[in-house]
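Position chain B against the provided structure of chain A, taking the given hints into account.
If you read the sequences in order, they're chains A and B. Add 57 to a position in the first sequence, counting from 1, and you land on the number used in my numbering. Add 396 to a position in the second sequence, counting from 1, and you land on the number used in my numbering.
Rather than coming from a laboratory, the hints here were simulated on the basis of the structure. What you are looking at is a predicted structure, and each value in this text was computed from that prediction instead of being measured. Do not take every clue at face value.
Calculated cross-link-like contacts (lysine to any residue; reagent style SDA-like; alpha-carbon spacing at most 20 Å) [to be verified]:
id, chain 1, residue 1, chain 2, residue 2
1, B, 440, A, 267
2, A, 373, A, 342
3, B, 399, A, 110
4, A, 110, A, 181
5, B, 440, B, 430
6, B, 433, A, 267
7, B, 416, A, 279
8, A, 110, B, 430
9, A, 373, A, 333
10, A, 328, A, 369
11, B, 433, A, 271
12, A, 110, A, 220
13, B, 433, A, 250
14, B, 440, B, 460
15, A, 284, B, 433
16, B, 440, B, 463
17, B, 440, A, 387
18, B, 433, A, 181
19, B, 433, A, 342
20, B, 399, A, 285
21, A, 406, A, 359
22, A, 107, B, 491
23, A, 406, A, 423
24, B, 416, A, 285
25, B, 399, A, 267
26, B, 399, A, 271
27, A, 406, A, 422
28, A, 110, B, 484
29, B, 433, B, 449
30, B, 399, A, 283
31, A, 110, A, 67
32, A, 110, A, 175
33, A, 107, A, 173
Examples of chain B residues lying across from chain A (beta carbon under 7 Å, computed) [what the hints assert, rightly or not]:
id, residue
34, 407
35, 423
36, 428
37, 463
38, 465
39, 474
40, 475
Backbone N, C-alpha and C fix where the C-beta goes; we use that ideal spot for every residue, glycine too.
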Amino acid sequence: MPPTLRPTDLVARVNRDVERSLLRARNGIRYVRGTSRPNVGATPKEVVWKRGKAELWRYEGGSRRYGPPVVIVHSLVSRSYILDLRPGNSLVEHWVNAGLDVFMLDWGVPDELDADNDLERYVDWYIPRALAAVRRETGEEEVTLAGYCLGGVMAALYAAGRDDAAVRNLVLMATPIDFQEMGAMVAALREGRMNPGDLIDETGNVPADVLYSGFYMQAPTVEIAQKPTLLENLWNDQFVEGFQAMAQWSRDHVPFPGAAFRELVEDLIRKNVLMTGSMRVGGRRIDLADARGDVLIAVAERDNVVPLAATTPATKLVGDPARREELRLPGGHVTFGTGRSALKVTMPKMAEWIIRHSDERPEPEER
Amino acid sequence: MSKGPLWLRAVHRVERTIGKPVESAVRSDRYFDTVSKVTRVRRKAIGAVEGVSRRGLHLLNLPAGTDVRRMREQLGRMERRLNQLSEDVRDMEDERRRAPVE
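Extracted from the complex, chain A is given alone in its bound form (with noise of 0.2 Å):
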């Protein structure tokens, strides 16, 4: 028997269709305005430490309950705010809550002065010397290091290159390892068809809307097709922000230093040196599974950034076997940072993950 309407229920749908109609007015008005920013990177921090254009942000808020602190290395490609993108719906402000002291390795915007950067310059200057504040900052000797994306890459190289290295634990977020798997980009870099040179402009390195237009170019209508579903979800605060804060980021990239760029086309794209478990940096060779600490390889399921298979050699190839663990996500490249997904399963599983490798601390410091 089809389902009838009573005229009350007739009455309720109006009223709702007609507030979301006001609802959607308003808010379409200060989309198109652009007068509602979205809030992001907003969980309370301080700068600790600041070298060139790398800043380590530590976190406050809550109690610092478990130890050693975490410290995020991230990408070189992409901003931070990814990891804290909005109030409710941010890996770092888990974390906070979680009870974990967390630091944020954040690189900037390069410009000239850093285009002659190469992956020693981070693994082996910027990295090292960062840890050393976070020491000073807790005066805890060991760190669990988690990178996201090339950060991950960056952070397995510190942890399996340097005898000084005092990581209990490491965390790798959607790191790339089988650059084969990559991508067309990443396919036309390989095969020649396009150069570092090519994409590197007079600043000496990459610009970000030459990063930008690549990543455009992966589903170049797909956001034309996010108009309506904004449309239709015109009437929900949540909904906008949340969107208005993903397209933000989603746009917002920065130079790729030059010297870095060649390297990781040279190296790791050409001859895709990660898949034979080792990588010369600075002179020398590094065994990526030399890696220090436990390991934690977390990989998202329908990532089209960086595929499945580009991020699952890691845990065949990072660390002790004996100490490494893999944590399948459902969700993107992006389900580090934000999502229904993100809340429900990868953030308070990283977080469980990382608590279950720390200690507690006797005293909790209050932040």
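Just chain B, lined up with the frame of chain A:
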């Protein structure tokens, strides 16, 4: 995307119908070959135009854009070297501060 009202599902279906061939086109060898060719041709064209304007400006004893760019590059190199030196000094100071006082 199967959620949402009928019109939205229809839009998404249309997007996929158009999007799939577009995506395979922009992931093809031909697309990247074209992009590289266009980039090279564009650079050559800009180089040719710059060459003409540079000669004109130099005749009038004026600096051209390429001169300014070269100057910026030299300044950038010098600034990088200076930064490196000041970082070395900071490192030495940090080490001295951390060293135990006898």
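Outcome of the hint check:
1. The suggested pairing of residue 440 (chain B) with residue 267 (chain A) holds, with an alpha-carbon distance near 19 Å, which does not exceed 20 Å.
2. The hinted pair formed by residue 373 (chain A) and residue 342 (chain A) meets the criterion: a straight-line CA distance of about 18 Å does not exceed 20 Å.
3. Restraint check for residue 399 (chain B) and residue 110 (chain A): not satisfied, since their Cα atoms lie roughly 44 Å apart, outside the 20 Å limit.
4. Distance hint between residue 110 (chain A) and residue 181 (chain A) is fulfilled; the C-alpha atoms sit about 16 Å from each other, no more than 20 Å.
5. Taken as a hint, the residue 440 (chain B) and residue 430 (chain B) pair is honoured in the structure, with Cα atoms around 15 Å apart against an allowance of 20 Å.
6. Among the hinted pairs, residue 433 (chain B) with residue 267 (chain A) is consistent with the structure: their alpha-carbon atoms are about 16 Å apart, no more than 20 Å.
7. As the CA atoms of residue 416 (chain B) and residue 279 (chain A) are separated by approximately 10 Å, the hinted pair is consistent with the 20 Å bound.
8. Of the supplied pair hints, the one linking residue 110 (chain A) and residue 430 (chain B) is violated, its CA atoms being roughly 36 Å apart against a limit of 20 Å.
9. Restraint check: the Cα-Cα separation between residue 373 (chain A) and residue 333 (chain A) comes to about 11 Å, which is no more than 20 Å; the hinted pair holds.
10. For the proposed pair residue 328 (chain A) and residue 369 (chain A), the alpha carbon gap of about 18 Å is at most 20 Å, so the pair holds.
11. A C-alpha spacing of about 16 Å is found between residue 433 (chain B) and residue 271 (chain A), which places the hinted pair at or below 20 Å, so the restraint holds.
12. Distance check on the hinted pair: residue 110 (chain A) and residue 220 (chain A) sit about 27 Å apart at the alpha-carbon level, beyond 20 Å; violated.
13. For a cut-off of 20 Å, the pair hint linking residue 433 (chain B) to residue 250 (chain A) stands: about 9 Å separates their Cα positions.
14. Distance check on the hinted pair: residue 440 (chain B) and residue 460 (chain B) sit about 17 Å apart at the alpha-carbon level, within 20 Å; holds.
15. Taking the CA atoms of residue 284 (chain A) and residue 433 (chain B), the gap is about 33 Å. The hint is violated against a cut of 20 Å.
16. For the hint pairing residue 440 (chain B) with residue 463 (chain B), the CA-to-CA distance comes to about 18 Å; that is within 20 Å, so the pair holds.
17. Distance check on the hinted pair: residue 440 (chain B) and residue 387 (chain A) sit about 47 Å apart at the alpha-carbon level, beyond 20 Å; violated.
18. At most 20 Å may separate the alpha-carbon atoms for a hinted pair to count; residue 433 (chain B) and residue 181 (chain A) exceed this at roughly 38 Å.
19. A distance of roughly 37 Å separates the Cα atoms of residue 433 (chain B) and residue 342 (chain A); the hinted pair therefore is violated under the 20 Å criterion.
20. Between residue 399 (chain B) and residue 285 (chain A) the alpha-carbon distance is near 13 Å, which keeps this suggested pair within the 20 Å criterion.
21. For a cut-off of 20 Å, the pair hint linking residue 406 (chain A) to residue 359 (chain A) stands: about 17 Å separates their Cα positions.
22. Distance restraint check for residue 107 (chain A) and residue 491 (chain B): the Cα-Cα separation of roughly 17 Å lies within the 20 Å cut-off, and the hinted pair is therefore satisfied.
23. Proposed proximity of residue 406 (chain A) and residue 423 (chain A) is contradicted: the alpha carbons are some 24 Å apart, above 20 Å.
24. Proximity of residue 416 (chain B) to residue 285 (chain A) is assessed by CA-CA distance (about 18 Å); at most 20 Å being required, the pair is judged to hold.
25. Between residue 399 (chain B) and residue 267 (chain A), the direct Cα distance comes to roughly 34 Å. Violation of the 20 Å bound is thereby established for this hinted pair.
26. For the hint pairing residue 399 (chain B) with residue 271 (chain A), the CA-to-CA distance comes to about 29 Å; that exceeds 20 Å, so the pair is violated.
27. Between residue 406 (chain A) and residue 422 (chain A) the alpha-carbon distance is near 23 Å, which puts this suggested pair outside the 20 Å criterion.
28. Restraint check: the Cα-Cα separation between residue 110 (chain A) and residue 484 (chain B) comes to about 16 Å, which is no more than 20 Å; the hinted pair holds.
29. Between residue 433 (chain B) and residue 449 (chain B), the direct Cα distance comes to roughly 24 Å. Violation of the 20 Å bound is thereby established for this hinted pair.
30. With a C-alpha separation of about 13 Å, the suggested pair residue 399 (chain B) and residue 283 (chain A) falls inside the 20 Å cut-off, and the hint holds.
31. For the given pair, residue 110 (chain A) sits about 59 Å from residue 67 (chain A) by alpha-carbon distance, which is inconsistent with the 20 Å threshold.
32. Distance hint between residue 110 (chain A) and residue 175 (chain A) is fulfilled; the C-alpha atoms sit about 14 Å from each other, no more than 20 Å.
33. Taking the CA atoms of residue 107 (chain A) and residue 173 (chain A), the gap is near 18 Å; set against the 20 Å cutoff, the hint holds.
34. The interface hint given for residue 407 (chain B) holds, since its Cβ lies 5 Å from the closest Cβ of chain A, which is under the 7 Å cut-off.
35. The interface hint given for residue 423 (chain B) holds, since its Cβ lies 4 Å from the closest Cβ of chain A, which is under the 7 Å cut-off.
36. Hint on residue 428 (chain B) holds. Least Cβ distance to chain A is approximately 4 Å, under the 7 Å limit.
37. At its closest, the beta carbon of residue 463 (chain B) sits 13 Å from a beta carbon of chain A; the interface hint therefore is violated under the 7 Å criterion.
38. Against a cut-off of 7 Å between C-beta atoms, the interface hint on residue 465 (chain B) holds, since the closest Cβ of chain A lies about 5 Å away.
39. Nearest Cβ of chain A to the Cβ of residue 474 (chain B): about 10 Å, over the 7 Å cut. The hint is violated.
40. Checking residue 475 (chain B) against chain A by beta carbon gives a least distance of about 6 Å; that is within 7 Å, so the hint holds.
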